[in-house]
Amino acid sequence: MTTGLWQRLHRQRVPLLWWTSRRTYLLFVLRELTSVAVVWFVVYLLLLVRAVGAGPGEYERFLDWSARPWMVAINALALALAVLHTITWFMVTPQAMVLKVRGHRVPGLVLAGALYVAWFAVSAVILLLVLS
Amino acid sequence: MTAPDAASAHDVVIVGGGGAGLRAAIAVAEADPRLSVAVVSKVYPMRSHTVSAEGGAAAAIAAEDSFDEHAYDTVSGGDWLCDQDAVELFVHEARAELLRLEHWGCPWSRTPDGHVAVRAFGGMKKMRTWFAADKTGFHLLHTLFQTSLKYRPVTRYDEWYATRLLVDDGRVCGVVAIELMTGRIETIAAKAVVLATGGGGRVFPFTTNANICTGDGMALAYRAGAPLKDMEFVQYHPTGLPFTGILITEAARAEGGWLLNKDGYRYLQDYDLGTPTPEPVLRSMELGPRDRLSQAFVHEAAKGRTIDTQYGPVVHLDLRHLGAEKIEAKLPMVRELCRDYERIDPVRDLVPVRPVVHYMMGGVHTDVLAAAPLDGLFAAGETACVSINGANRLGSNSLPEILVFGARAGAAAAAYAMEAPPIGAAVTAQAADETRRLERLLASDGSESVAAIRTAMQHTLEGAAGIYRDSDTLAKAVDTLRELQERAAVAGVGDRSRTFNTQLVGALELAAMLDIAESIVHSALRREESRGAHQRTDFPARDDVRFLAHSMAYREADGGCRIEYQPVTVTRWPPGERVYGR
Amino acid sequence: MKEITLRVFRYRPETEAEPTFQEYAVPLRDDWAVLDALNYVKEEIDPTLSYRWSCRMGICGSCGMTVNGDPKLSCGTFLVDHAPGPITVEPLRNFPVIRDLVIEMTDFMQKLGAVQPWIIRDESDDDPHTELLQTPSEMDDYKRYSMCINCMLCYSACPVYGLDSKFIGPAAIALAQRYNLDSRDEGQEERLDVLSDDEGVWGCTFVGECTRACPKGVDPAGAIQRAKLIAANEAVKAFLLPRWVR
Ligand SMILES: Cc1cc2nc3c(=O)[nH]c(=O)nc-3n(C[C@H](O)[C@H](O)[C@H](O)COP(=O)(O)OP(=O)(O)OC[C@H]3O[C@@H](n4cnc5c(N)ncnc54)[C@H](O)[C@@H]3O)c2cc1C
Chain A
1 MTTGLWQRLH RQRVPLLWWT SRRTYLLFVL RELTSVAVVW FVVYLLLLVR AVGAGPGEYE
61 RFLDWSARPW MVAINALALA LAVLHTITWF MVTPQAMVLK VRGHRVPGLV LAGALYVAWF
121 AVSAVILLLV LS
Chain B
1 MTAPDAASAH DVVIVGGGGA GLRAAIAVAE ADPRLSVAVV SKVYPMRSHT VSAEGGAAAA
61 IAAEDSFDEH AYDTVSGGDW LCDQDAVELF VHEARAELLR LEHWGCPWSR TPDGHVAVRA
121 FGGMKKMRTW FAADKTGFHL LHTLFQTSLK YRPVTRYDEW YATRLLVDDG RVCGVVAIEL
181 MTGRIETIAA KAVVLATGGG GRVFPFTTNA NICTGDGMAL AYRAGAPLKD MEFVQYHPTG
241 LPFTGILITE AARAEGGWLL NKDGYRYLQD YDLGTPTPEP VLRSMELGPR DRLSQAFVHE
301 AAKGRTIDTQ YGPVVHLDLR HLGAEKIEAK LPMVRELCRD YERIDPVRDL VPVRPVVHYM
361 MGGVHTDVLA AAPLDGLFAA GETACVSING ANRLGSNSLP EILVFGARAG AAAAAYAMEA
421 PPIGAAVTAQ AADETRRLER LLASDGSESV AAIRTAMQHT LEGAAGIYRD SDTLAKAVDT
481 LRELQERAAV AGVGDRSRTF NTQLVGALEL AAMLDIAESI VHSALRREES RGAHQRTDFP
541 ARDDVRFLAH SMAYREADGG CRIEYQPVTV TRWPPGERVY GR
Chain C
1 MKEITLRVFR YRPETEAEPT FQEYAVPLRD DWAVLDALNY VKEEIDPTLS YRWSCRMGIC
61 GSCGMTVNGD PKLSCGTFLV DHAPGPITVE PLRNFPVIRD LVIEMTDFMQ KLGAVQPWII
121 RDESDDDPHT ELLQTPSEMD DYKRYSMCIN CMLCYSACPV YGLDSKFIGP AAIALAQRYN
181 LDSRDEGQEE RLDVLSDDEG VWGCTFVGEC TRACPKGVDP AGAIQRAKLI AANEAVKAFL
241 LPRWVR
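Chains as they are written, first to last, in full-length UniProt numbering: chain A, 1 to 132; chain B, 1 to 582; chain C, 1 to 246.
Chain A with its partners taken away, still in its complex shape:
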């Protein structure tokens, strides 16, 4: 290869805001960013466990803290983000997972449907536990 030519190749640069150029890129970046919400729920759960462990007083204080408007707002937002995160992952799962039943590939819609069913079932159980 002639060295001169390598220098003359035009290198296309990826623009800084590349992820805004396309809906799918944006969705992807959202999917990645919304994982922050999942992290938040883990932290929140740890805080809860610590509060329970530290006795009733601490637990009361934790509940008060959680009931503050800005905390409710944060959690509501985090829930929305986590739901988005879950849905975007469920959307791509059939692509990554190939299930075969009697030699035939299970269609993607069925697979995604099964995930949603499982998700709602687990949510329903938790809801029952909380309400009872």
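Simulated from the structure, these hints should not be mistaken for lab results.
Ranges of calculated distance between the beta carbons of each label pair, as one might list FRET restraints:
{"no.": "1", "chain 1": "A", "residue 1": "Leu16", "chain 2": "C", "residue 2": "Val80", "range": "31 to 41 angstroms"}
{"no.": "2", "chain 1": "B", "residue 1": "His115", "chain 2": "A", "residue 2": "Trp18", "range": "43 to 53 angstroms"}
{"no.": "3", "chain 1": "B", "residue 1": "Ala426", "chain 2": "C", "residue 2": "Glu23", "range": "50 to 60 angstroms"}
In this text, a Cβ means the ideal position worked out from N, Cα and C, and glycines have one as well.
Using the hints, position chains B and C with the ligand against chain A.
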């Protein structure tokens, strides 16, 4: 692996990275891993035109089939112009080659129990066409290319355009080539050269052939003094899509498709091709040979029974009765092509088709070892003429041919290179000469445009060397092509850049096409008979007394074309009548 | 006849430091693809325009370009679908440009070789006179991934490759999977070295755009995720199990 240093030298240089070229390269590497082998290709090998072959590759494998039957179908399909010794070894080795490709990973379509499946094809009395759905050439080429990557001795020159064979005292010892990316002109010396440059359908305006099918290798050999054999035999495929010329594979008819005229009538029954039945019958009706089907179309058009469109007359290919499931399973590419390029769905719609230039039976003359009559020169694939295709190739014989004779060319070139003495110094002067010619071409300020001359040539050929020919138009075409040669000599490239200059390539390809166009027209003019794909209205009968012989076109020093004849080898099947459908 | 404007990316390295756009008016015909329009420009207006093309039937993979922002095969992208225009035609993104619409792709060619895209198996017991059996269902396992025409649209669509060209990329991984999943192949372990590298499957963040861009329905994104599963499985096994049980 790719870019070699200036003035490289190899044991074997293969020009062409299609099926024939890659098979040859592997054969050289397997003959002796110490041999260095180069593959020079004007496009990345997996872009070669083998990629577009659709229908399949023939080889007797079914229990009820035999080598002899495959040979007989080939010889009668070729109207007895095939060399029967070549055909006999071809049918044997075809099976071994297709099996080898299976072991290399080619995804041949299978029967439920896991064996290779076969389908019917035009002019074949038995089901013997192996297929990978209807993307056979694509899978075959990618399998070969990917397999070739494991052979270390293979050096690739991707996107290098070969412009000349170097010949020293009757011995071929390399090529001159341009690296397209940089415009660098380079000598690639070699003890043996294999030409595997494919066909030249682009000589005609309406063809299934890709843009790169410009007959370069034939022209290289012709200019170096090797004869071109049987160039007048140009195959029209009966079913091309109008405007684009995209092929609708014969497999569509093998799976049960019908050809209908404007009244919805299966018109082939009027042309001695059998009686229509709902299910396809081998060697009958829609499964007759391509030459006869294309000729029937011309007669049907003359009777006013075809359908007029802005791209000329068409007939209809009817696949609707096959149903969506069969079409999806066996002909997915046909459906894809119709949908993407014609915006119709063969499951519901009739497909408009017309005959289209498809394949060149002729090419560089070689013997059964793939050796051309110049020391150190070998040729294989569509660019060569052994001849197993005679006056009309049977569909699905070409893919096995590129494998069988690609392998033979590689083996023979390797053997030759091992024995051959070193290359003399005379090539340096020749290479310098060629470099000067190319530099001059690049700098030329011609008034004529390459595109205009190309279009004129294509229409001349279509008018004179189409499905039916006669002496007047052929004689006129000879004169027209001479004029076009003169105009081309002063045409300008119109682009002086050295970087990826596609205009320069276009000018070189035009020069190659003009040379082979001349050989086609001269050969056609001299053959005063009708045989296979060569139909003369002024000589409508086959004439075995005068013309059971191969035409050999030699280039004269003044650029003219001289035709000689060489007898056909007949071993077991004396010339007889071609019978289809009865 | 109606016309449509093509806005074509031009880059002539010998005379220009930076690319420019040039506009051409071409006939707007029902059956013309972008490629037909480019050929019209080259034959009738400007012979210096450079681009690759060959089969014009969507199988050779030469004519990939960015058409109105999307990676497309220009032979299969029709003018009428972009009327009234203008239609912007650029080279495929994420690759260096040699000239005009011609990109440099030796990087892919090297990566393709690196994943060993050929059948790896112990052939000592194979009979060359018969085929290796493979049922249609076994073929289905890999068939989809064997459809890759190497057109580079997926690399052009992949933001990971755009940001870091060391990423081995969608088509090469899909082809590795094509062989891994072939019942005749025994080379999965050998290919794992390259695939399980940082620049291998783990480089992929599953944007999924490669699959959307693919004109042949190959689904490289799916192939990569499946390769990740294999790679993870093997890593866990290698960590937990002694060699003889693996
Ligand atoms: C649409 C279509 C469908 C077909 N279907 C079938 C089928 O179903 N069954 C069948 O048996 N046959 C079929 N054929 C015929 C068959 O595909 C071809 O005859 C065969 O593939 C030719 O292979 P090849 O290796 O000789 O040449 P190609 O594959 O055309 O390769 C030619 C090579 O030469 C290189 N080259 C050319 N000129 C130069 C130069 N000057 N410098 C450097 N390199 C050069 C090119 O880059 C390329 O790599 C079909 C043909 C077409 C057009």
